[in-house]
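Participant: Sequence:
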Amino acid sequence: MAPLETHELTSLAPVNGNGLYENHDARISKVSIHASDDEGSDDGREGESASAALLGGHARSSSGIPDPPVEARQVIKGIISETAPTLFLTVLGMMFTGALLQRVTHWKPMRAVDELFILIPMLNNLKGNLELVLSARLATASHIGVLDRRSSRRALIAGSLSLLQVQALCVSALAATVSFLLGLALPDTAVAGGSTGEKVAGDGKGTRRWHIGKVVRELVKQAPHKAPKIKDPGTQSGWREFIVILATAMSSACLSGLILGSFMCSIVVLCRKFKLNPDNIAPPIASCLGDLVTLTLTALTSTLFFYTSGRPQDPLAPSPPQNTTSTFLLTRDTPPAPGHFPFLPFLSTVGLFVLIPFVFQLCRHLTFSRPLIRDGWSPLVVAMAIESGTGLVLDWYVGRYRGFGMLAVVMTSLPGSVGAVFVSRLSTELHQSESNLHSKSPDGGSPKLVSFTLFAVGFPVLLSYLLFVWGAGWLPLPVGFVGLFVGIFGVTVIVALALAYYLTHLFWRYGFDPDAYCLPVHSAIVDLIGQLFLVACYELANLLGNDVKIRTT
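Read in order, the letters of the sequence shown are residues 1 to 553 in the UniProt record's numbering.
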């Protein structure tokens with residue numbers, strides 16, 4: 001076996017229950033660079049100890065000889081070559097996510113169980129955060145060489161996936177409960193029957209003249225009132241609807257964790273194999289695929305549990321068919337067959353709750369997940385609380401503006417992905433600076449240069465998205481509105497990058513690892529700010545004479 005190199009890794013460990021931390025030195029052994037490609041070694045004790053130190057603390061380190069200074073041109077080229085293709089690929093996922101969000105708006109489960117609309121952004125953000133944290137931890141392991149050894153790599157991935165399941169099941173149950181309570185607390189102004197495209201103004205007025213100086217004040221004044229959505233006559237949220245929401249959230253989170261967790265592990269391992277920086281590649285993929293896969297699973301599971309919940313199925317009032325609703329779903333908007341089992345959502349929920357202690361015990365027996373069982377929950381809960389506000393914004397305005405659901409996806413996902421890349425790179429720079437191995441980011445770029453490059457990379461991706469949806473006829477919006485949207489998108493990206501910089505250093509200053517704590521909070525805040533900016537964009541475009549609102553009849 002090749003000789004081992006020993007490095008000092010400064011990690012942070014809790015010393016009491018009030019959240020204070022102290023520094024202590026944990027010595028880790030790492031295979032030297034000459035043995036980094038030794039895949040056949042079975043001696044994983046060194047890699048295991050390194051990973052245990054990695055997962056058990058709040059700091060990470062990179063080892064090896066510091067890279068020589070890199071010219072600004074090479075830094076820009078490296079960021080563009082790794083980040084731009086990833087963002088372009090995520091645009092495809094955004095297109096499908098936006099189209100799917102517009103389509104599921106007309107599905108009967110979404111119209112009958114209004115709380116599902118509040119659940120969607122909360123659950124999407126939850127799963128995206130879990131995959132972001134997972135990719136950041138695996139990128140950390142990649143930087144210190146743990147993924148180079150087969151034995152430690154397998155144990156690390158197994159522990160990470162088991163921890164992912166525990167977090168997904170627990171927090172999804174909490175998200176379902178919060179969304180249900182929010183749905184009950186908000187006033188309901190839904191109109192029974194009619195077309196799903198018909199909306200009635202909450203104040204009884206058909207039109208309202210806006211002034212530029214009153215845009216923000218009017219938005220705040222309208223915020224407490226939900227935009228009326230067409231619901232089936234006689235629908236009322238009760239214990240059956242709560243079971244449907246709970247089963248939908250936990251089932252989609254569990255399945256999404258299995259699919260996305262395995263995929264993100266493969267992505268980071270491949271980045272290490274081909275000598276790519278996972279900080280530039282993994283966050284956008286985790287954010288995009290997290291939304292698409294979770295939304296798809298949420299729509300499918302909610303439909304399944306809605307029709308098998310034993311809930312009375314009232315026939316829909318006659319209405320013209322919508323071209324955004326599939327023929328299959330139109331034919332399924334009928335009472336279920338008498339032989340359908342009514343307690344499938346209940347049994348699924350009970351089974352998933354029973355699964356939690358078994359997965360929890362598995363995490364306790366795995367070396368790599370044991371230190372993290374009690375760590376990392378607070379940022380997920382905070383992000384979920386912030387994301388509940390995003391769900392309310394989506395619930396209020398998704399039926400008021402044309403193409404809101406499709407543009408909301410790109411307005412939140414793209415700035416969030418760019419900001420996540422910046423957070424991951426800043427966190428790597430801070431950890432490496434602490435260990436006195438590097439004074440700059442991994443490829444030598446300063447934060448200002450990296451932020452400018454990431455800001456510029458986002459615009460070609462946005463324009464390609466807008467051109468595609470406009471050419472496909474999915475987004476028939478005025479040219480003036482599109483120009484205004486691009487400008488507000490730039491403001492959103494600037495806010496996301498600035499927020500990433502200050503939040504990362506704030507968490508680092510108080511002794512929290514930005515990989516685990518900053519990414520969830522940053523993602524939730526950018527989602528909320530992005531949707532609020534999008535609402536302001538629609539209202540400002542309406543002031544300027546652009547027809548962007550859905551007409552009422």
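Bear in mind the hints are in silico, worked out from the structure with no lab data behind them. Among the hints, a few may not be true.
Unchecked claim - Here are the simulated lysine to aspartate or glutamate pairs, EDC-like style, with alpha carbons at most 20 angstroms apart:
no., residue 1, residue 2
1, K273, E82
2, K448, E82
3, K275, E82
Participant: What are the numbers of the hints the structure violates, in ascending order?
Facilitator: Structure breaks no hint.
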